[in-house]
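S.K.: Letter by letter, the chains look like this.
2 protein chains.
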Amino acid sequence: MAHAESSTFVEGLSKREAYAQVLEQAKALFDGQRNWVCNLSNTASLLYHALHSLPSPSNATNWCGFYVLDPKNPGQLILGPFQGHVACQVIAFGKGVCGTAAQTKVTQVVEDVEKFPGHIACDGASKSEIVVPIIQDGKTVSIIDIDCAQLSGFDTDDQTALEELAKVLAESCDF
Amino acid sequence: MAHAESSTFVEGLSKREAYAQVLEQAKALFDGQRNWVCNLSNTASLLYHALHSLPSPSNATNWCGFYVLDPKNPGQLILGPFQGHVACQVIAFGKGVCGTAAQTKVTQVVEDVEKFPGHIACDGASKSEIVVPIIQDGKTVSIIDIDCAQLSGFDTDDQTALEELAKVLAESCDF
Chain S
1 MAHAESSTFV EGLSKREAYA QVLEQAKALF DGQRNWVCNL SNTASLLYHA
51 LHSLPSPSNA TNWCGFYVLD PKNPGQLILG PFQGHVACQV IAFGKGVCGT
101 AAQTKVTQVV EDVEKFPGHI ACDGASKSEI VVPIIQDGKT VSIIDIDCAQ
151 LSGFDTDDQT ALEELAKVLA ESCDF
Chain B
1 MAHAESSTFV EGLSKREAYA QVLEQAKALF DGQRNWVCNL SNTASLLYHA
51 LHSLPSPSNA TNWCGFYVLD PKNPGQLILG PFQGHVACQV IAFGKGVCGT
101 AAQTKVTQVV EDVEKFPGHI ACDGASKSEI VVPIIQDGKT VSIIDIDCAQ
151 LSGFDTDDQT ALEELAKVLA ESCDF
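Chains as they are written, first to last, in the UniProt record's numbering: chain S, 1 to 175; chain B, 1 to 175.
Simulated from the structure, these hints should not be mistaken for laboratory data. Please read these numbers as outputs of a predicted model, since none were measured by experiment. Do not take every clue at face value.
In this list, chains with the same sequence are indistinguishable; a pair is considered to hold if it fits within one copy or across any two.
Claimed, not checked - Taking lysine-lysine pairs in the BS3-like style, the calculated list, with each CA pair at most 30 Å apart, reads: (1) 27 - 167; (2) 95 - 105; (3) 139 - 72; (4) 167 - 72; (5) 115 - 95; (6) 139 - 167; (7) 127 - 115; (8) 105 - 139.
Can you make the complete structure from the sequences, with help from the hints?
M.R.: Right under this line is the structure:
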């Protein structure tokens with residue numbers, strides 16, 4: 001039985017330790033459960049609460065969640081489960097940070113979203129962003145998207161851990 | 001374009017006014033968009049932020065989201081989009097507050113979850129709960145589930161507004 005405490009992160013963990021707990025909890029939650037909506041919903045919660053347990057800038061995370069392939073239009077992403085304020089519903093492949101990660105299949109770490117060509121400002125509070133593609137059979141099926149209300153909110157530790165999480169999600173979910 | 005500000009609620013609204021804003025924003029978001037994951041994800045955010053803009057006990061909302069019919073097992077609900085801590089993944093029809101609402105198609109307003117027979121304690125912090133079924137063609141397709149960390153967190157104003165929202169969701173989403 002999943003329990004709320006699995007998304008409680010003690011203060012004082014390093015970022016690597018917090019992400020290690022996210023990965024461990026995520027794998028436990030996905031054991032025997034491949035429904036993507038269920039798994040992405042709990043993963044958004046794990047990530048959001050992990051980042052908020054950390055010092056600045058991680059605790060300034062203001063949006064954390066997923067976009068997935070739009071079943072009605074494979075040329076665009078559609079909003080999936082998330083934690084935070086209301087978000088853009090659809091994003092075309094190639095547009096903004098999310099669309100670029102989806103199209104190129106390459107993680108985007110953006111220190112200042114205002115400097116990213118074609119940035120889509122769903123939330124004016126967001127200053128930096130990381131987007132990691134989730135790839136199944138060579139195709140982008142979803143992206144992990146995290147926004148931070150501070151500049152340079154994400155570093156190589158975030159990238160390494162989120163790319164590992166994206167692999168686990170690709171293996172564990174039927175999209 | 002959906003924007004984060006649509007889930008910003010000014011302080012000082014009455015509960016009825018806050019819910020009226022939720023309904024108005026939800027209808028605007030659903031205009032031209034019938035994807036249920038997208039729409040429930042944004043609705044969970046609207047509701048969570050609306051309730052947190054209100055005085056006690058509404059601002060003690062600690063979980064706000066949805067369960068839907070499990071496509072792999074129509075006798076149970078599976079976790080949908082939400083805001084809050086990690087939640088139980090599946091709930092059998094008839095079990096606990098959510099399963100009872102799903103099976104009976106009747107809203108459950110529970111002043112003290114500890115006194116509800118068969119209560120499923122996903123989160124020990126939850127003290128009271130409201131669950132509203134979403135009915136399409138006479139069948140429960142989803143439930144709205146909100147938990148409060150205070151006793152008696154929900155009243156007839158919540159029930160009336162959430163039942164109206166459930167109707168809007170039933171009309172606006174392809175589940």
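S.K.: Can you name, in rising order, the numbers of the hints this structure does not satisfy?
M.R.: Per hint list: zero violations.
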